[in-house]
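Asker: Sequence:
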Amino acid sequence: MMNNQVEIIRIKEENCTNCHQCIAVCPIKICNNGSGDVVKFDNNLCIGCGRCVEACIKSHGGIVEKSARSIIDDTPQFLQDLPHQEIVALIAPSATSNFKLGKLLSALKTLGIKQVYDVSLGAEITVALYHQAIASQSVNLPLIASPCPAIVKYIQLKHPDLLGNLAPIGSPVHNLAVYVKSLHPGAELLFISPCLEKTREIRNQGLIKYNVLFQSLQNVFTEWGIDLDILPDEDFDNAVPAGIATNFSTPGGLKESYLYHYPDTRASSIYRVEGEPVFDRYLRELEKGIQRGGEHLPLIVDVLSCGKGCNAGVGCINKSIQAIEYEVAVRSERSVSDPAANRELDNFLAAIIDKLDFSISKYDDLSYLHQFDVPDDQELEDIYKRMLKTEEMDFRNCAACGYNSCYYMAVAIHNGLNKVQNCHLYQEKVLRQDQQAIQHMHMELTSVFNAMNDGLIVLDKDGRVSQSNVAAQRITGYADEAIIGIHILDLFSGKAPYTMKLLETGESYKDREMIIDGVRGKIHGTASGEPRIDENGKIIGATIIIRPIARG
1 MMNNQVEIIR IKEENCTNCH QCIAVCPIKI CNNGSGDVVK FDNNLCIGCG
51 RCVEACIKSH GGIVEKSARS IIDDTPQFLQ DLPHQEIVAL IAPSATSNFK
101 LGKLLSALKT LGIKQVYDVS LGAEITVALY HQAIASQSVN LPLIASPCPA
151 IVKYIQLKHP DLLGNLAPIG SPVHNLAVYV KSLHPGAELL FISPCLEKTR
201 EIRNQGLIKY NVLFQSLQNV FTEWGIDLDI LPDEDFDNAV PAGIATNFST
251 PGGLKESYLY HYPDTRASSI YRVEGEPVFD RYLRELEKGI QRGGEHLPLI
301 VDVLSCGKGC NAGVGCINKS IQAIEYEVAV RSERSVSDPA ANRELDNFLA
351 AIIDKLDFSI SKYDDLSYLH QFDVPDDQEL EDIYKRMLKT EEMDFRNCAA
401 CGYNSCYYMA VAIHNGLNKV QNCHLYQEKV LRQDQQAIQH MHMELTSVFN
451 AMNDGLIVLD KDGRVSQSNV AAQRITGYAD EAIIGIHILD LFSGKAPYTM
501 KLLETGESYK DREMIIDGVR GKIHGTASGE PRIDENGKII GATIIIRPIA
551 RG
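Under the numbering used here, the residue at position 253 of the sequence shown is numbered 253, and the numbers go up by one with no gaps.
Errors might be hidden in some of the hints.
As the list claims (entries may be wrong) - Once the Cα atoms are required to be at most 27 Å apart in a straight line, the calculated DSSO-like pairs of lysine-lysine come out as: (1) Lys103 to Lys12; (2) Lys12 to Lys355; (3) Lys158 to Lys40; (4) Lys419 to Lys66; (5) Lys58 to Lys40; (6) Lys100 to Lys308; (7) Lys362 to Lys288; (8) Lys419 to Lys461; (9) Lys209 to Lys114; (10) Lys12 to Lys40; (11) Lys385 to Lys429; (12) Lys209 to Lys355; (13) Lys158 to Lys181; (14) Lys181 to Lys103; (15) Lys40 to Lys66; (16) Lys538 to Lys510; (17) Lys308 to Lys58; (18) Lys419 to Lys158; (19) Lys510 to Lys461; (20) Lys308 to Lys103; (21) Lys538 to Lys461; (22) Lys510 to Lys495; (23) Lys385 to Lys362; (24) Lys209 to Lys362.
Quick caveat, the hints were computed from the structure, so don't treat them as lab data.
All chains, please: the whole structure from these sequences, using the hints.
Answerer: Put into structure tokens, the structure is as follows:
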């Protein structure tokens, strides 16, 4: 059973614009509640993929401080413990695409880290454990890879029938931690990573204390004045260097590593999938295929949440896609180029997987958390009516609400997770109704306006006529279009002291005699004026009522 999860996303509600981009990118829609003025967040339903954080920051112009969502990792606790505790760092393979690796290791030791180990070596252990489990027929096939904790959590929440196929084997960082703990039993372990959800994984497994993301580490280096470019290169403290699995962070990295070590395996028997297709279709289709005993089921599913793999996780430092994959690929090519090192690695793996216990705790079925009420046909019809969806063309599935379909938006509304006002069509129809009401009111007011016996002139803030009624046009002799734009001084024979004072101070006046300069001659009349005030109390013009007394 899972109680309150570790918080890994910080919510700053005062920055939320209720744009629903967080809902749009979230694979678990119901962990977001859009029924209020801001989007609320259920931490226990979050899979930690980080998509909402990236979308929120992007919607705020890429400025983290303006965003409503930001990442939480263990950096503060790590820095607090650093002076008093032996800390050993485990470096994710994707560090290669975020830092110059040798400089990074040197910088970590400058901080006070005692030893640094390569999680790529943990990935080598993982591949060996997968092969051992498959060869011994101790796992269910197809075997769904478990290095990605966001995928694991998603399966726990939404596809509990796949839990039996989820590899009962630790992730690369867990397996490396087992090995490193055997060497440094008194040390605390620090994971330098690209992944938000890894914080929860390491808490659950209990071997690693800190998860610090690449972005956070870069900030630490900046704050400490550590310039990586001027540091010497350092090497990992591994007993042996990792080989092909240095590419494990790249999409298909597990597949490539497995085929390299076990070349008799058919490439077609390992399926790789990453990013949105995992959540949109693949896992659902895989579940149905297993239930039906379908053809072409894979031996292993190499699956990752992030579209560009761990090299572009939410905690990564932004680089071009080419730069991200290039550095990892070059390192992988270099890592398999030494036959003697490859043999040394093979011997290490053969010895280590039988020497240490790499087992992990059982995966919990968390589907009880992902429960919501499905509306029946009548309830659905009632919701659609409230959403102003009355004909087929109203069901646009425009995804502006974040749910990708009108049906799922209706389900969210039924469960109190959203409101009809957030439907784009609803907003459009209400706006159209409001516009029609305003137009009707305008027509009625215009009718009243023009039925007045007194002349009415509306001035802008500069004293020019912006509107007039029929009576004003009759008194002055100007046609509707001709009077627009005339300055009040020109209309009042160059003398309009009360009106000019009104525009300046807001002081109204009543029944002041004046000469109106009409088209057909001078007109003796009276005028009354009132200021036009906006919502901020600022004078934006005046309304003048004119009455003729006699013509001169």
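Asker: Each hint should be assessed against the structure and marked as holding or not.
Answerer: Consistency of the hints with the structure:
| no. | hint | result |
| --- | --- | --- |
| 1 | Lys103 to Lys12 | 35 Å, violated |
| 2 | Lys12 to Lys355 | 48 Å, violated |
| 3 | Lys158 to Lys40 | 21 Å, holds |
| 4 | Lys419 to Lys66 | 25 Å, holds |
| 5 | Lys58 to Lys40 | 19 Å, holds |
| 6 | Lys100 to Lys308 | 19 Å, holds |
| 7 | Lys362 to Lys288 | 23 Å, holds |
| 8 | Lys419 to Lys461 | 41 Å, violated |
| 9 | Lys209 to Lys114 | 15 Å, holds |
| 10 | Lys12 to Lys40 | 10 Å, holds |
| 11 | Lys385 to Lys429 | 12 Å, holds |
| 12 | Lys209 to Lys355 | 24 Å, holds |
| 13 | Lys158 to Lys181 | 34 Å, violated |
| 14 | Lys181 to Lys103 | 25 Å, holds |
| 15 | Lys40 to Lys66 | 17 Å, holds |
| 16 | Lys538 to Lys510 | 21 Å, holds |
| 17 | Lys308 to Lys58 | 18 Å, holds |
| 18 | Lys419 to Lys158 | 24 Å, holds |
| 19 | Lys510 to Lys461 | 19 Å, holds |
| 20 | Lys308 to Lys103 | 24 Å, holds |
| 21 | Lys538 to Lys461 | 10 Å, holds |
| 22 | Lys510 to Lys495 | 16 Å, holds |
| 23 | Lys385 to Lys362 | 46 Å, violated |
| 24 | Lys209 to Lys362 | 20 Å, holds |
Violated hints for the displayed structure, listed by number in ascending order: 1, 2, 8, 13 and 23.
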